[in-house]
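Modelling step: build the complete structure from the supplied sequences, incorporating the hints.
Those protein sequences? They're chains A and B, same order as listed.
Residue numbers are given in this note's numbering: position 226 of the first sequence equals residue 226, and the series is strictly consecutive.
Residue numbers are given in this note's numbering: position 6 of the second sequence equals residue 6, and the series is strictly consecutive.
The hints are simulated quantities; they were obtained by calculation from the structure and are not laboratory data.
Hints are all accurate, no fakes.
Just a few of them, taken from the derived set where beta-carbon distance is under 7 Å, the chain B residues facing chain A:
#1 A176
#2 M187
#3 G188
#4 N190
Dumping the calculated DSS-like pairs for lysine-lysine here, alpha-carbon to alpha-carbon at most 30 Å:
#5 A/K212 x A/K20
#6 A/K230 x A/K20
#7 A/K212 x A/K65
#8 A/K74 x B/K169
#9 A/K197 x A/K20
#10 A/K74 x B/K33
#11 A/K20 x A/K74
#12 A/K74 x B/K193
#13 B/K193 x A/K65
#14 A/K74 x A/K212
#15 A/K197 x A/K212
#16 B/K33 x B/K169
From a predicted model like this one, the values you see are computed outputs, not experimental measurements.
Glycine is no exception: its CB is placed at the ideal position from the N, C-alpha and C atoms.
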Amino acid sequence: MAMLEVNGINVYYGSIHAIKDISFEVNQGEIVTLIGANGAGKSTTLQTISGLLRSRTGSILFEGKSLGGIPAHKVVSMGIAHVPEGRRIFQQMTVEENIEMGAYTRPAGEYAANLENVFRHFPRLEERRRQIAGTLSGGEQQMLAMGRAMMSAPQLLMLDEPSMGLSPILVDEIFDIIKAFHESGTTILLVEQNANKSLAISDRAYVLENGKITLTGTGKELMQSEEIKKAYLGG
Amino acid sequence: MIVFLSHLINGLSLGSVYAIIALGYTMVYGIAKMLNFAHGDVIMVGGYISYILMFNLGMPWWVALLAAMLVCTLLGVLIEGFAYRPLRAAPSLAVLITAIGVSYLLQNSALLIWKSNPKSYPSIIEGSLMLIKGETASDSLSVTYISLMTVGACVIIMVGLTLFTSNTKMGKAMRACSEDKGAAQLMGINVNKTISVTFAIGSALAAVAGVLMCSSYPTLSPTTGSMPGIKAFTAAVFGGIGSIPGAFLGGLLIGLIESFAKAYVSTQLANTIVFAVLIIVLLIRPAGLLGKYVPEKV
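This is the structure:
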């Protein structure tokens, strides 16, 4: 049984059919990537899994339990953390308060250990723990969003465009941290436009076009695919 | 000088009532992003509940105050749950109109239950503290105990709310919701529950304001809450809506402006002056005195 099973979901924004009958799965211990152009439905898919949006049909199962009808604030405590597109950190709160919010559903006794873990991956957040989050640089905000999500000690971490707007050096750093999270036992579902980087670290990937899955394979297979090279890897 | 000081004291006392009401307005706005125009009428309900308990049932004032806070808390949570929650995704205009509707519902229900003739509300604490003892009454300066209590309550509430929002888990969750409800949900914060708690706190404060206000300005009628409600809303906007210290500062300033305008300009023009000052401040600082100007995100 896969950790996350998405079966035939259809999601609409009003009358716009954003997700058309998508099915995919993520197994325990994998890094799975959804790649696709802007507007292909990648973020919508993640938001539907985390309960911010609802699918009209189909089902989403996490560890065998249906996520249908479960409100977004309860999905976190089931073991799914979602780092949303654009980071969406709490700009007017301090770095540490943001991190505390990430631990909202966890017992107070776990806080210190989870905090230490986050600071180990992101020493820069520790240096800036009293700083107002809105004053951080883009890269630091991305780190804060990821650190905040890790505070819920998730089994599945969903990352939406973590490399967006970052310099190449920072992109490398972010991908290294994703790998480190993965090595420490977290399953990763990644949404990226940076197909090169994401396919290189992925076990498997799905290609989304106009709300449909058009191609699937291992990260390596897709990197070799002529179609993918042309459309996403710059020739 | 004595006259000036006595108007200053009056202004601070009145301003403290506005500030307590404004804190409720500003918290609800900050978190639910809606103007709860029924907030003023919750004050009136608090006034009636405490009146009945104290003067019809002979309870001590603090029992009446606690009971009024409890009733208003429940009322606030009910209003939010029935009238506003179903409109969470609706355009803000629909919510605004609903709030005005709830305001009229409360006023007319009060009219039905308690009738239109105003009740005379004796102060919960009599007496005053002599500050300057002069030869005649006009040379003396005194401050009523109820004024002291009002100012004291206002300061305690302001400090309490500041500590609550900056130090407690629920307070921080409120700030998270006020910034980004979607992201707050992703953290596991129950946004509906957080908004309910905000209404509960705001409405309990409205009850406190009702008891203190009726004690200082002793007439109670079904429309008692509407003008102070609008003034407190003004105070919240004046100080920067959504900001707790802003509501405190705005409330005190509106009270002082009103008191001095009544004393030195004209009783009839006092309200005009209050709102004229609001307009001028908003022209210069659109986000209010302590508010942050946040551009709409596209």
